[in-house]
Structure formats: C-alpha cells, structure tokens
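Fit chain to chain and form the complex, with the hints in mind.
Chains as they are written, first to last, in this note's numbering: chain V, 1325 to 1437; chain F, 88 to 200.
Result set (DSSO-like, lysine-lysine): computed pairs, CA atoms no more than 30 Å apart in a straight line: (1) F/Lys144 to F/Lys158; (2) F/Lys144 to V/Lys1366; (3) V/Lys1369 to F/Lys96; (4) F/Lys170 to V/Lys1416; (5) V/Lys1366 to V/Lys1424; (6) V/Lys1416 to F/Lys158; (7) V/Lys1366 to V/Lys1403; (8) F/Lys170 to F/Lys101; (9) V/Lys1326 to F/Lys144; (10) F/Lys96 to V/Lys1424; (11) F/Lys144 to F/Lys96; (12) V/Lys1424 to F/Lys144; (13) F/Lys144 to V/Lys1416; (14) V/Lys1424 to F/Lys170; (15) F/Lys101 to F/Lys157; (16) F/Lys170 to V/Lys1366; (17) V/Lys1326 to F/Lys170; (18) V/Lys1416 to V/Lys1366; (19) V/Lys1369 to F/Lys157; (20) V/Lys1369 to V/Lys1424; (21) V/Lys1366 to F/Lys157; (22) F/Lys157 to V/Lys1424; (23) V/Lys1369 to F/Lys144; (24) F/Lys144 to F/Lys101; (25) F/Lys96 to F/Lys157; (26) V/Lys1366 to F/Lys96; (27) F/Lys101 to V/Lys1366; (28) F/Lys158 to V/Lys1366; (29) V/Lys1416 to F/Lys157; (30) V/Lys1369 to F/Lys158; (31) V/Lys1424 to F/Lys158; (32) V/Lys1369 to V/Lys1326; (33) F/Lys96 to F/Lys170.
Think of the hints as simulated: they come from the structure by calculation, not from any bench.
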Amino acid sequence: RKEVEQDPGPFNVPEGATVAFNCTYSNSASQSFFWYRQDCRKEPKLLMSVYSSGNEDGRFTAQLNRASQYISLLIRDSKLSDSATYLCVVNKDGSGTASKLTFGTGTRLQVTL
Amino acid sequence: DGGITQSPKYLFRKEGQNVTLSCEQNLNHDAMYWYRQDPGQGLRLIYYSQIVNDFQKGDIAEGYSVSREKKESFPLTVTSAQKNPTAFYLCASSLTSGNQPQHFGDGTRLSIL
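If we strip away everything but chain F, and leave its shape as in the complex, we get (with noise of 0.2 Å):
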C-alpha cells in the first residue's frame, strides 16, 4: 500500500535538545514537505524540498533544519533554537508536475517536557 509514514506518533523534547521526526513515503513523488499545525492556525510551511539533495525554507524555517539524502526520505530537526516547539507537525508529498495536490503523513504530535 502506498503512503507517507511519519514516526513518531509522540515525541517529547526537553530544554536545549534537537529531537529529529522521520518523514517517508512510497509514492514515487519528488517533492516532500514539513507543515506545523497550531491550535485555530492554518498549516504553516517549515520546509520543501523537490528534488533529492536540495531543500527551500518555507514561511517559518527558523530553528528547523531539514535534510533530503534520498528522494523517500525527508526527515526534521527541531533544534533547541525553537523557543515554541509544541505543535502537530505534517508531512507531505506531490508530483511536481502540473499542479498537483499534496498527500499527508498522520502526523507526529511534539511537546515540551
């Protein structure tokens, strides 16, 4: 079955830690993408990127680091420079052909200890 797996469901940072999220997908897309949800907000985009070994910033990159080693893989950082980490972060993928709707993993849920 294809799709996006996020892990983990959960995560739980503390103070001054990097904690990483993992984003893959068997969809064949290039693109891939990092969206943080808050409470009443729309999705904010962190991070894209849309070929392998290659990653724009989004509208709210700062204190996020992303990676793109293989065209499956997409994970997160979240670094100790996010003061306000605490969101429900998405991940996502498209063709990048035409215009093309994008496809979410179910998400990972982080939190400050």
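Chain V with its partners taken away, still in its complex shape (with noise of 0.2 Å):
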C-alpha cells in the first residue's frame, strides 16, 4: 500500500459546482496533514493545514478521519481559478522535531465554463 493515496482525476466540474477529494495514508503514528496546491509547471504552495476538529477558509474545508486514516477536501462554488493539481501532504512520523513530510501524487481538478 502506498504511504499516501489519491485519486489521479481528472476532476472536470462546472463553474459553481462542489467537488470532493478524498485521500488515504497509511502510517497510523503520523500526526500532520496538510492540502498543496500545484499548478501546472510550478511549485506545490500550501493550501491549509488539516486539523482534528476539521477546518474551513472561505470556499475549501478540510477533515481528517483518523479511524478510517483519510482526509479530504471539499470546494464549494468552484471557480475557474480552482483549475488545478491538489496534493496530499502528510507527515511520515510523529516525532514532530522535523517536517518530513509524504506527498501524494495528486488530484486534478479542471473546471470549466
């Protein structure tokens, strides 16, 4: 099993849609999560951090499950801006003295008019 799993997409929504990714890992002990955005020939740039309690910044929310060791990220009113590569990010132990960190191969949203 892979560390960090996602669903490759493509995603093709409308404008104004909601889209959900889901994501999986593998190591129990890890203890930071995290949603990047990539766009196509750039850097990954951090999108939010994804907390136990689940957290929301306008349009994106994010909810980590650690029984069933998933996140996800939900987008409501999808703009054609949100046209993008969403990874996962987590962290490969719990020790927390240094940010290792697993990415997934990401998931492809497009949204189109």
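Shown next, in the form of structure tokens:
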C-alpha cells in the first residue's frame, strides 16, 4: 500500500459546482496533514493545514478521519482559477521534530465554464 | 519580502558534468529540503537538513550531494553519477518545531543535453 494515495482524476466540474477529494494514508502515527495546490509547471503552494476538528478557509473545507486514515478536501462554488492539481501531504512520523513529509501524486481538477 | 529563491530556473547538463542548483531562504527557517518531481509522480525527497553543518539522506540521495554551511543556503549538486537527472527540482524550508508545513521555491528544471 502506498504511504499516501489519491485518485489522480481528472475531475471535470462546471463553475459553481461543489467537488470533494479524498486521500488515504498508511501510517497511523502520522500527526500532520496538509493540502497543497500545484499549478502546471509551478511549485506546490500550501492551501491549508488539516486539523483533527476539521477546518474551513472560505470556500475550502478540510476534514480528518483518523479511524479510517483519510483526509478530505471540499471546494464549494468552484471557480475557473481553482483548476490545478491538489496534493495530499502527510508527515512520515509522529515525532514532530522535523517536518518529513510524504506527498501524494495529486488529484487534478479542471473547472469549466 | 520573505521567501525561497532557487536559481537558475532552467539548467542543461552535459554528459559527465556536475551541476549545482542554488537555494536561498530568508524566512529564518532551520530546516531545508530538496525534492525531485518527475511527470506523474509525487515529490521524492533527495536530502534534508535540520541545522547548519548537518544533513541527512532522503529516499533518493544517490548521485546527489549537498552542503549546509549557512542557515540561509542549501545548494544541491547533481553529479555525473546521477544517470537520469532530467526532472523538476524543488527546494523547501520549514520551522522544525512542531509539525510544520514546508514552503517551496519556484523550482529548477534540469535537462540533459
């Protein structure tokens, strides 16, 4: 089993739609979870951290399910500018002393008119 | 403006040549990282450093070398021993306290001539 697994997509959705991505991770000791956004041929940029209680940032909501070892990202009212690849990122161990992250291969989102 | 600067943006390597990629940060982060990204794959960790004058091998260190003589700088050398160097190279940095996200430079694309 891969350390971090994501559906590669692409998810093609119309503008204004709600779309959700899931990601599963294999290491139950993982303590930190993040979603990054990566545009074509650019560097990944931090979208949001994922907290145990779930968190929201505008149109974006992230949730963590430790029992089932998955995290999710919900995007409401999709915009054309949301088109990108979304990377699920999990830290390798629970030590917290250094940030050793495992990156998923990403889920591609294409928002259309 | 705080950030991470990678140079050059594009680099071409001849057979048998070593090349060095530059990474500088002014975020006052202790930890720095080098990743490689190939099409359709997640980021893979080459080397990381948690403190000046100390660095550790990542998952794919063979054919690469690094140094960390200053907190701000973490150059990566791609040696002639790396037989498949064509990739997108990303440098990142983070705080080491707690479970912190990493912040990326805008990358260097390396190709073989």
